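Peer 1: Both chains are given apart, each in its own frame, so use the hints to dock them into the complex.
The primary structure of each chain is shown beneath.
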Amino acid sequence: MPAPVLIDVNLKDVLTASMCSHLAIEFFKHIAYQRQQLPFPYKQLQSVIRRKDTLETNADDQPVDNTSGRTIHRSCQVVQAETEFKKVKAIMESMQTAFQCLEEEICNANGMVEEVAMILGATPLSPRDVYRFQYPPLLHGHLDSKHPHQSSLLELFRCLISSEQLHTFFNQPLSPTNMYLFLRKNNTDLVSCGFSPKERYNIPMSGKHAIIRLMPPTSLPKCICGGTNIFSDKPKDQNDSHVEHVIESKPDEPQGLLWFQAHHTLKGFKDVKINGTSVSTVWLQSR
Amino acid sequence: MKPVLHVEVVQKKDSNLLETTLNNYVLAGLAGRKFSKGATFKNLSNELLSDHVESIHICDETNTEAIQSIEDYDLQIHIFKLDNEGVQTECIQSGDGDGQEVSAAQHWLLPSRDFHGLWENLIYEFNIKENLLQCMETTLLFSDRNVSPFVITWNRVILLHGPPGTGKTSLCKALAHKLAIRLSKRYSQGQLLEVNSHSLFSKWFSESGKLVMRMFSKVRELAENQDSLVIVLIDEVESLTHARSSHSGVEPSDAIRTVNAVITQLDNLKQYSNVLIMATSNVTEAIDLAFVDRADIKQYIGPPPVKGIYKILTSCLDELKRTNIISQSDGLHSYDFITTSNRTVVDDNIADSLTLLQISRDCEGLNGRTLRKLPYLAHALFIQKPSSSLKDFLEALAKVVVKHKNDLKDMKSGTA
Ligand SMILES: Nc1ncnc2c1ncn2[C@@H]1O[C@H](COP(=O)(O)OP(=O)(O)O)[C@@H](O)[C@H]1O
Ligand SMILES: [Mg+2]
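Protein chains in written order, with this note's numbering: chain A, 1 to 287; chain B, 1 to 416.
Next comes chain B alone, as it looks inside the complex (with noise of 0.2 Å):
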């Protein structure tokens, strides 16, 4: 059997090329040209592709050797266009009578342009993502084709948990891309709804039960179109659950009742089969049991270990470089290449390649928010010049981090 490669074509949003016709210009484009997986072709030479095409992206990105013969893959093509509007309101009427409508979800047409790029920048160990996406992928395919559920057990909602800012909600948003984008042959459009659980707690409280259903009515909507694929997300479900029980002066049976017509209405969802859940959580224990109940796939995500830190921190550097306030150097060494190769020669590349393996060390345990924040501490706090070289960037970047671990212990010594 060959190995699959996806390859995605993000067509020009003014292309009126068909796809059929567009799918064999790529592949005569691709033919006979060497490239690695995981590269992207944004400037083509190739005429007819550059026409219509804005890139072309090799996926796969755990493993960039190079591809000798695009014959020895089973070639995944996707060709779609990118959403360009970015997120839209979805309204409700606010059931108080007065005509007046409540905002109950953001919604996106799939692929967005919001979300191009967020899927390769976000790191994990234990290929956590593309597991994800396979089980998902895997999942839709089964219940598009009407496998028994009695017979086989396959997952529909997913839910991931853990400590604040280590990618959750993104790692939701690019799931949902990446369906789009990898489902687009079997459904024509991709919608990502993001339920804006506040929104749902209406101000006469007994009227948030109406407020759930008609959301949940318009989800049911999208989803009579069986060419549309719809994920739901509902982001820090504890946010829902917890009004069980911290009522801030509402009668705690009313909080009861709009969760339970949440938890009702997702059931409900489940007969769709081109409806996927999503949901992300902070906490993992004061989620309502009743919701974890429901999640097929529990996922936890923590802070990245010393190797996603190195990967995550070079991602920042090399965008410094782009834009040039890191001066031009040749690229960092692999994680893989620094902490395992025997070194004779010390050049100056290696060095800093140590430094920053030093860096990652020391920040340990922190999420991946916060280290993507901390090129931009280092720059406004030790360099304030628009242009440093690598050497002196790491420098700050090491002079950010002990900075940000004594912050971090004066803080927790404050509330103690």
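Just chain A, with the same shape it has in the complex (with noise of 0.2 Å):
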């Protein structure tokens, strides 16, 4: 099996528990358009949906125009447009909701999560792609507020896009199929809403696999918002009121992490032609 392509993501700046979250999300997004898991960027397909929604809003004021011909005609292509709407939207507000549990999950957990993944296949078993996201540890007490997230996204998508090793996954044809999200934290601290914990699970090796780790910055940059330099606690060990919560672990396996895997389970799906032309054009036509 070909060994795993490594991206090393050098940060400029201190990362915090919303950043980490913020990377991960738009990473998987990129993804699962470059898969070909979303015909259309994930935002564009989501102002698409917005839009087709206002027009809908719009014209449920207006009086609907009951000369007949027209309705007929029209019917049976809006009628598949519509229903691939109502599927489209349920895919991407599903999408949402899981991206959604994955912030909140990163954000409660302060820096408990070490790593992100998303696998693409048919089953968690089976994966085509796996795209593991791999945090340092944090720093104590940094805000938000004064460590804006767009210089690190930056960064990020810089090296994304200059790793030719990655290109050549993007190449490959891949049908529409699952993307399962994954987070892996210690199994000291279960709870979890949009997760559950998948004991000895661990990722196949089959597939092809990126890893992208997230690597802190060498020198600190001068920090106003107090944060401090002292990482914040990762209870890497088994303590003894534990013991009912040790599992097994492989030797290679550092002690207690768990993989928890997401309620949700993203859907790929293509583009509809409707007489040639996109379905999401149809959708914002003016009827």
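Just so you know, the hints here were simulated from the structure itself, not pulled from any lab data. These figures come from a predicted structure and were not determined experimentally. For glycine and all other residues, C-beta sits at the position ideal for the given N, C-alpha and C. Be careful, since some hints might not be right.
Restraint ranges, calculated between C-beta atoms of paired labels, are given here [what the hints assert, rightly or not]:
1) B/146 <-> A/218: 43 to 53 Å
2) A/53 <-> B/4: 54 to 64 Å
3) B/27 <-> A/165: 29 to 39 Å
4) B/270 <-> A/165: 28 to 38 Å
5) A/154 <-> B/239: 52 to 62 Å
6) B/138 <-> A/162: 20 to 30 Å
Taking lysine to any residue pairs in the SDA-like style, the calculated list, with each CA pair at most 20 Å apart, reads [stated by the list, open to error]:
7) A/198 <-> B/227
8) A/267 <-> A/36
9) A/198 <-> B/23
10) B/218 <-> A/176
11) B/405 <-> B/376
12) A/29 <-> A/165
13) A/270 <-> B/210
14) A/87 <-> B/86
15) A/267 <-> B/86
16) B/42 <-> B/72
17) A/198 <-> A/115
18) A/198 <-> B/86
19) B/298 <-> B/128
20) B/210 <-> B/227
21) A/43 <-> A/27
22) B/13 <-> A/197
A partial selection of chain A residues facing chain B, derived with a Cβ cut-off under 7 Å [stated by the list, open to error]:
23) 122
24) 167
25) 204
Peer 2: Quick look at the structure:
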């Protein structure tokens, strides 16, 4: 099996928990589009859906035009477009919820989440592509408001786009399939809303793997938010009070780390063409 | 030696408890309670359990004796979550060089909600299904422990054959599901891969050999994970092997090559100790001999005997009672009771059971699939209202059986 593609992202600013989640989510959206699971970029799809919804509400306010012939003519295509819209909207909503859960999870865990991953494939046991996103230990007490995400986001995407190896992944065809979200954290904190622990689960070796590692800045930039240079605690060692939580772990596994799987599975989909036009165009055509 | 008692615990999807913790809760919850074998608890009064557990099932359907104390048993508690994702399609490159993908197999993670309860509703005589399960468990244990196959022979490939509609496909799926539950301590996850034998034949037939290779390399990839139990189901193998003889415009040599590729690949799979192969066939004679040779267990599955029919129909009627399509009444008696006991009083209950017994006798020779359809037809053709009494329903059922038999006769004379 080929070695995983490693991409190190050297950040210039301090990482906060919310930045961790933001970077991961933007990365996953990017992957979903690049791996042909979304026919258009995530943002664009969302805006189309929003515009279509607005059109809808406005149309409801207007009196219905009952000049019959036209109604029948458009119905067939419109029905198809509507059905498609409902489907796409549901998929996108579920994706949004999943990302929100991921964000909450990372922010609440406050530095406990060491890694997040997205697995593309029919099941989490038969991956075609695996994208792992690893965090360094976080520093204590830095405020989000004082550390805007923009520069780190740019740095991440600069690294992604300049990686030739990652591009070879994107060139391989992949039919719409499932995208499974995972996160890895210490098993002493099992509380979670959108994720459940998956005991004894290890990401399979099969498929293509890419690992993105966020690297903290080597020298800390001057920080005005009052954050420290102290790493937040990571209870790496199992203490006696958690005997019943001990799980069998492989020798190469860090003690106590556990994968959690998201309740929401993301579904890939393709653009549907109606008479040669993208269905998303049909949605926005005035009726 | 204490007898073994399997207890299956379905953990709720979003429960975050680790297995060892829940195991202790279950043990505590079961202690000191009386229940009978075959029982399923859904609404658990114990608060600790009800938050985390969907249902607890005490196995052993063959013997519904009451259990006085769980201390008398060697308890085997199996804790698992059901996979809700259902069937997924595994794709492989079609090999036409156009970057297209073809579906190669249906993939389930086990235990799956799709198959939950299937096992309990398949009814066979002489403990056929229990024996198959035990054989498979022993197989996996022996291969996991590297018992030398030269010293003790055991089985890796099973073939279920018999007439259509007797539950062969269902039994394979139920077996796979059950194995994943029973062996969940050894294998963290089970997987069922149903090979799509039709799609393995490419439109460019000469490519089929390559498709077969790709398909099986996928299976091997899954099997590389030693923590995972991989069950490969090849449904209706005869469709693969038919290709050898009935070549529909296809070069027979290509067909033969494809089938040979499948057989070679199956042989290769045998080196994986965590792989089981299940195959079904609706015909016994026409299966390729080379394939039959590879099957270690060949089990004939026929239509159920009267006792089985009685049980199947009872389960159908119970379901209709549960859904209030048949109005509430006392339960029907068991087959053994109704055929052996000396009855002095004949109450409604016994009368109904006797009617069902007669219907069951009239149904002899029908397969399980047809039997499970009869109550539906009875309602559609002779009841046609949202609710009826058991007595009326049985009457309708009897009519349908007569009608079905006449239809069969007509069809036979029609084709003659
Ligand atoms: N012995 C049986 N007991 C209970 N149900 C049966 C039995 N045989 C068949 N059935 C029912 O018939 C249905 C079809 O069975 P299937 O597995 O497709 O049969 P086959 O593969 O042998 O053609 C099943 O869903 C099952 O409910
Ligand atoms: Mg079948």
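Peer 1: Does each hint hold? Answer for all of them.
Peer 2: Going through the hints against the structure:
Evaluation of the 43 to 53 Å hint for residue 146 of chain B and residue 218 of chain A yields a pass: the beta carbon distance comes to about 51 Å. Range check, residue 53 of chain A to residue 4 of chain B: Cβ separation about 58 Å, and the 54 to 64 Å hint holds. Evaluation of the 29 to 39 Å hint for residue 27 of chain B and residue 165 of chain A yields a failure: the beta carbon distance comes to about 51 Å. Between residue 270 of chain B and residue 165 of chain A the Cβ separation comes to about 37 Å, which falls inside the hinted range of 28 to 38 Å.
Take residue 154 of chain A and residue 239 of chain B: their Cβ atoms lie about 56 Å apart, and the range 52 to 62 Å holds. The hinted range of 20 to 30 Å is not satisfied by residue 138 of chain B and residue 162 of chain A, whose Cβ atoms lie roughly 56 Å apart. Between residue 198 of chain A and residue 227 of chain B the alpha-carbon distance is near 13 Å, which keeps this suggested pair within the 20 Å criterion. Using a Cα cut-off of 20 Å, the hinted pair residue 267 of chain A and residue 36 of chain A holds, with the two alpha carbons roughly 11 Å apart.
Between residue 198 of chain A and residue 23 of chain B, the direct Cα distance comes to roughly 16 Å. Compliance with the 20 Å bound is thereby established for this hinted pair. Only pairs whose Cα atoms come within 20 Å are accepted, and residue 218 of chain B paired with residue 176 of chain A is accepted, the gap being roughly 18 Å. With a CA separation close to 16 Å, the supplied pair residue 405 of chain B and residue 376 of chain B stays within the 20 Å bound. Restraint check: the Cα-Cα separation between residue 29 of chain A and residue 165 of chain A comes to about 19 Å, which is no more than 20 Å; the hinted pair holds.
Taking the CA atoms of residue 270 of chain A and residue 210 of chain B, the gap is about 27 Å. The hint is violated against a cut of 20 Å. With a CA separation close to 19 Å, the supplied pair residue 87 of chain A and residue 86 of chain B stays within the 20 Å bound. Proposed proximity of residue 267 of chain A and residue 86 of chain B is supported: the alpha carbons are some 13 Å apart, at most 20 Å. Restraint check for residue 42 of chain B and residue 72 of chain B: not satisfied, since their Cα atoms lie roughly 24 Å apart, outside the 20 Å limit.
Distance restraint check for residue 198 of chain A and residue 115 of chain A: the Cα-Cα separation of roughly 15 Å lies within the 20 Å cut-off, and the hinted pair is therefore satisfied. For the hint linking residue 198 of chain A to residue 86 of chain B, the alpha-carbon distance of about 18 Å falls within 20 Å, and the restraint holds. A threshold of 20 Å between alpha carbons decides the hint, and for residue 298 of chain B with residue 128 of chain B the separation of about 12 Å falls inside it, so the pair holds. With a CA separation close to 28 Å, the supplied pair residue 210 of chain B and residue 227 of chain B exceeds the 20 Å bound.
The hinted pair formed by residue 43 of chain A and residue 27 of chain A meets the criterion: a straight-line CA distance of about 13 Å does not exceed 20 Å. Taking the CA atoms of residue 13 of chain B and residue 197 of chain A, the gap is near 10 Å; set against the 20 Å cutoff, the hint holds. Because the beta carbon of residue 122 of chain A sits about 4 Å from the nearest beta carbon in chain B, less than 7 Å, this interface hint is met. Because the closest C-beta pair between residue 167 of chain A and chain B is about 16 Å apart, greater than 7 Å, the hint is violated.
Of the supplied interface hints, the one on residue 204 of chain A holds, with its beta-carbon coming within about 5 Å of a beta-carbon of chain B, less than 7 Å.
Checked against the numbered hints given earlier, the structure breaks hints 3, 6, 13, 16, 20 and 24 and satisfies all the rest.
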